[in-house]
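> Sequence:
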Amino acid sequence: MKSPAKYDAIGVGIGPFNLSAAALCEPIASLSTLFVDRKPEFSWHPGLLLSGATIQTSHLKDLVTLADPRNPYGFLSYLHAHGRMYRFITSDFRGVERAEFDDYFRWVSKQLRNLRFGMDVQTVDFDGEHFIVNGNPDLTSRHLILGTGLSRCVPECAEPLLGNRVFHSDTLLNQGLDWKDKRIAIIGGGQSGAEIFRHLLSDDQRFPSHLYWVSSRSNFLPLDDSPFTNELFTPGYSAHFFELPLDQRLFTVDSQKLASDGISMNLLQDIYRRLYALEFLRARKPEVALRANKRMTAISKSDAGDYTVTMKDSLHGRTSDVTVDAVILCTGYQYRIPAFLKPLLSRIPLDKGGYLYNPDFSIKWDGPATHKIYVQNAAINSRGIADPNLSLMAWRSANIVNDLVGRPVYKVHNSKELNLWV
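Heads up, the sequence shown is in our numbering, so the first residue is 1 and it goes up one at a time.
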């Protein structure tokens with residue numbers, strides 16, 4: 001007879017979502033958990049922590065507050081611990097800077113005892129009685145909580161040229177490039193593209209000579225942050241969406257894109273005002289070109305070392321080129337099944353929407369029902385556009401923790417929504 005599993009659950013990946021789960025697991029004395037990550041310490045898109053960049057959601061939608069307002073790992077507790085509470089309130093910020101939320105996450109990660117950084121997970125298997133990580137008998141569990149995050153989405157035409165002058169946006173600050181008097185193309189009309197566009201124009205002494213901002217969308221469109229749209233980021237809507245037929249879910253996710261992937265209105269106003277100042281109030285200005293309805297279809301490198309970006313106009317079908325010194329790909333992210341799951345893949349069914357989810361955020365597999373695989377941030381096609389967003393992370397983590405423990409430790413059904421979809 002084999003020995004019992006060492007842990008009730010092992011979490012793989014420590015981004016915001018598994019950090020949330022770890023923070024809600026920690027106070028429960030009867031629950032033994034370990035969360036691991038190959039990074040040496042917590043980090044949250046460090047290459048995109050641009051000055052002035054803000055999160056697009058309320059600071060109350062933190063790791064724990066919407067599940068347990070008394071939990072010591074909330075954002076308000078962070079402000080109080082750092083002596084910032086009154087200053088934060090008086091500042092009346094339009095949005096919390098991403099750098100401050102990253103620092104909050106780091107503050108929590110340094111206090112939790114169920115985290116282990118610097119561990120690279122190579123394999124996860126099931127030996128008939130428990131899950132085992134890296135074949136290590138000291139890393140066995142009854143359940144798994146996967147929170148490996150999303151991977152960079154890079155256009156196929158750009159993949160052969162990836163390097164320090166053609167790169168994904170979330171490595172921007174890692175490149176160490178000097179943009180002064182360079183020709184730069186930003187590909188992508190979402191929030192990251194807008195933040196980088198503003199960043200490159202922020203210093204009158206160091207801006208590029210030419211800056212192209214290219215979007216396949218019909219315009220540089222705002223985030224839909226209206227009250228009724230924000231009902232999409234509630235537990236009630238998540239439950240409603242889960243019950244829809246697959247094809248309807250896929251169509252709905254695409255139709256609601258601007259509820260999660262649009263540009264913050266404040267940022268659009270900042271950019272427009274900056275362009276006004278550069279056009280009319282500054283002696284020196286860069287050449288700026290905004291190109292909507294254009295999709296990058298090709299990119300090539302010349303013998304001189306510059307790059308030609310080919311774009312196709314979605315309205316007229318015409319193509320055009322720009323020649324630049326660097327290309328920043330603000331082309332988003334997508335979920336990829338982690339390589340360490342290879343030993344289990346034959347036991348996990350998939351459809352065109354990805355994993356097949358259960359209501360408790362575990363996925364279907366052909367192992368025993370007493371051993372579950374919970375997956376965070378891979379259910380956009382099962383749970384809707386809120387899934388990759390910070391908005392419901394505390395609620396989702398609370399559901400997972402309640403299921404692990406087998407009792408309602410956290411309230412998850414006390415939300416009073418408008419129930420627009422009943």
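Errors might be hidden in some of the hints.
[What the hints assert, rightly or not] Below, computed lysine-lysine pairings styled on BS3-like, alpha-carbon distance capped at 25 Å:
hint, residue 1, residue 2
1, Lys-6, Lys-39
2, Lys-352, Lys-364
3, Lys-61, Lys-285
4, Lys-61, Lys-411
5, Lys-352, Lys-257
6, Lys-6, Lys-342
7, Lys-285, Lys-180
8, Lys-110, Lys-61
9, Lys-6, Lys-364
10, Lys-416, Lys-312
11, Lys-182, Lys-285
12, Lys-342, Lys-312
13, Lys-182, Lys-61
14, Lys-342, Lys-180
15, Lys-312, Lys-301
16, Lys-342, Lys-352
17, Lys-39, Lys-416
18, Lys-416, Lys-61
19, Lys-182, Lys-257
20, Lys-312, Lys-182
21, Lys-182, Lys-110
If you're looking for bench data, these hints aren't it; they were derived computationally from the structure.
> What are the numbers of the hints the structure violates, in ascending order?
Those not satisfied are hints 3, 10, 12, 13, 14, 17, 19, 21.
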